[in-house]
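J.: Residue strings, one per chain:
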Amino acid sequence: MKKLIALVLTVVLAAALVLSGCSLNGDGSSSGGSKVVDPDAEIEVVFYHTMGANLRSVLQKYIVEFNKIYPKITINEQSIGGYDDVRDQVITELQAGKQPAIAYCYPDHVATYLRSRKVIDLNEYINDSEVGLTEAQVKDFIAGYYEEGRQFGDTSKMYTLPFSKSTEVMYYNKTFFENNGLKVPDHWFASGANDDTSLEYVIKKIKEIEPTSIPLGYDSEANWFITMTEQLKTPYTQAVDKVEDRFLFNNQQNMDFCDKFRAWCVSGLMTTQSIYGGYTSGLFTNTSANDSGIVIHSYISIGSSAGATYQCPAKSDDGSYPFEVGIAQIPQADKSNQKVISQGPSVCMLKQKDQKVNDAAWTFIKFLLTSPEFQAEFSMTSGYVPVLRSTFEMDAYKEFMSGANTNKEGIAALSAKICMEQEQSYFTSPAFVGSSDARDQVGKLLVAYVSAAENASEAELKKLFTDAYDRCVTLNK
Amino acid sequence: MKKRSLLRIIRNSLAALLVLAMLAGILLLSACHTQKKPGGPSGATPEADLIGDWEYTRDASLPDYATMVKLNTSDINADFDKTGRGLVTVEQFIDGDTVHFWNNSHTEIIKVRFQGIDTPESTGKVEPWGHPASIYTKTKLKDAEKIVLESNEEGHATMDSTGDRYLAWVWYLPKGSDTWRNLNIEILSDGLAMGKSTSATRYGEIAMDALTSARTERINLYSGKRDPLFYYGETVELTIKALVMNRSAYNSLKVRFEGVVTKESGGGIYMEQFDEDTQQYYGVYVYGGYAPLAPKFLVPGYRLSVTGTADDNENFGFQVSGLSFSLINPTDDDTKILEKDVKFAPTLITAEDLLTNGSLENTFVRMENLKVTSIYTTKNSGSDSDGAMTLTCTSQDGKTVTVRTVKLTLDGETVTEEYFAGKTINVQGIFTYYKDAPQLKLFTLADAEILQ
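As they're listed, the protein sequences go chains A and B.
For the first sequence, position 466 (counting from the first letter as 1) is numbered 466 according to the working numbering, and the numbering increases by one without interruption.
Start counting at 1 in the second sequence, then tack on 477, and there's your number in the working numbering.
It cannot be assumed that every hint is accurate.
Okay, derived cross-link-like pairs now, BS3-like style, lysine-lysine, Cα gap no bigger than 25 Å in a straight line [stated by the list, open to error]:
(1) A/K315 x B/K588
(2) B/K702 x A/K98
(3) A/K315 x B/K702
(4) B/K884 x A/K315
(5) A/K315 x B/K813
(6) A/K207 x B/K615
(7) B/K817 x A/K398
Treat the hints as calculated values from the structure; they're not laboratory data.
None of the values given here were measured: they were computed from a predicted structure.
When you get a sec, could you build the whole thing from the sequences and use the hints?
T.: What follows is the structure, given as structure tokens:
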């Protein structure tokens, strides 16, 4: 009899929930019902990001605009440090139930947050008939960026929306290239001694012309390794249950390209951020002599498209530029499989106990991310690329882009232009618990491999791969 | 918080009234321009006091995170730049997370960015809690018995991402104490910094605890309260003359003025504005920063409306910084181009003017018939000033004046002393100060005319 009563009560309770249009989430917060913000409710939305002073000014300007419509919603935006600091802070606060409502994120971060079951499936809002996105608003997002929000295993769930984008581009000293009749390389490895559009040929030529130079600087070792695996279609990682099977980068094909880069490093043809000890833009723009009176610099620098202003040398005090900067797509391994890494922050929403806060957070995200004006200003202030198509149709943005040139005045626009032209080549790696460890480890692995002692044995080099794999597994067991 | 901080807030709120009083005062002051000037953009005044006054006393009931980590003192008598750990002395305070030190053997200046933390800006662009963080660091280190730098990695020093500064943990021994304190962690625990890749560092666990404590206890930056040293008031609209003749009054205030850009230099511009009353130009240096839009606005020959924070900085001298730019719906606070291709010319001045009329600082000036009597060339490989020259000249009335050049080039080659040696020249450039001494700064060879 007791069982029957319990069953009836359960059915009644379930029916009541369905009828009221409410459901209970794992953390006790409710979702469902109207998501329209109560105009009379005082609500605070905490937003963690990594913006510096200039970008915060842009954000605050749009918060002012937002508050003209929603005066009772306070956006408490906080710059937390770097992306990893946001991740660490959010993880700490998820454990205490004090997480922010909105956070800057990368896919790896979200994969970790998902274990807390406090990441909101944005489809709950996007598809809502009252507060959701219209079809036109969804289509206004550049498709490749928008779809990144579904890359967490279950494609019916949408956990992130793109905030701004960048990729890696190849900066080169245009003046030096023109003066020496060098071609801009479009692929990595020389197919023969006269393959003058290969990076390998060009950096060797530069070294011949200027033996004291380090022709190539590559900022992110992790990006380099991962990008090579995408371009060469060699195994890197996969999102599966068994930890040992998630990390696939320990293979001969990957050792082969590392061997080639190692040979370049040993010959003084290239360096990376870790080996050089700073962003390689410092080497690229260097015009000062060292203690021996030699100006050591690079002539090619591969780094973020959002860092273009740092790749441009400062104007001399006499008003001239030491050299012009060209920008091109990074070299490819296979013209039929062109790949460049997709970078730049997205945002996710983290569940709050008060449903009104979730609704207000969505209202703000929608306001910000569907605004072509905000996207344009953010891009023009940072060098990041807008995620909305309509931004590119704005007169002011067109004017900004029309100023693209090879000097400081137009380098950010030029970089954004090159970045956008590669939209079809963007890739992201699978995001899962442990994917950020894989990224960390392959970055360290590449550095260790290319800078290992000249007489390092094959076994010692192989062990670097094995050790990196073992660390990934150990960290995720 | 000290009483003086409260007084400062009151003072800030009365800024608008003060402006009126100041303007009246300026009229009286303008007749007398002879004054000792603080350093301009190139003239650092290392001993100058930091802005305002501020003090924080930690709640004694909170954990002392700064002593929860221990310094290995066995090898601190080495040079940090060689071994990654070593005693140092302060060479120059920059801001809350950057200080320049002498290494233990006093042979190298070590520019250090504090590991794992990021304090709000107090140079270039001033942010809330930037000045308190800067004062905090200076206060802790200036009275320390000893200071040790320690690299995050054992055995060698590491650089930050710019490749220009070392990253380090900063330890100090307070006077009368035998317990080393980790300043990076102390700054975090006292709520004056954000984290910066904090958890991945050698003291990451304690540092993250310190940061979490500051956030939980809502200390300083995390208090939700206003920074007592930050100006939140209305923008003061004024002339360049009013601004530069009353630097201390406007220091740290948000100001707006108009002027013509005369020269670009060091990521910023020199601007000047003519004053009808005194029939002369007044100039100011405005720092533009790395914003991609800045080069579109900060162009010689443009007349601009500029809004920024006036900052009498001990490292960079008096300047206006914190500019914003927008091509879309610019707000009152964004920099605006009022006119392009404005014709401007240097003010012809005498040696006497250069030596005595400090009110011309940062204006575009011209001097004629200067006989170059001696030349010093800066030889500092690795520095942008390598090859720059100081020309000591005699004017026609027998006065000695200084012309300082940047590294000048002619047909791609660096101009050397022979170009000017023994010549009589006409030059035009910016009136600046270097270590309190006036000089004309020459930026391009086109601004120098050799007479004989």
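J.: Decide, hint by hint, whether the structure agrees.
T.: Tested hints:
no. : hint            : in the structure
1   : A/K315 x B/K588 : holds, 24 Å
2   : B/K702 x A/K98  : holds, 20 Å
3   : A/K315 x B/K702 : violated, 41 Å
4   : B/K884 x A/K315 : holds, 12 Å
5   : A/K315 x B/K813 : holds, 22 Å
6   : A/K207 x B/K615 : violated, 46 Å
7   : B/K817 x A/K398 : holds, 21 Å
In this structure, the hints that do not hold are numbers 3 and 6, in rising order.
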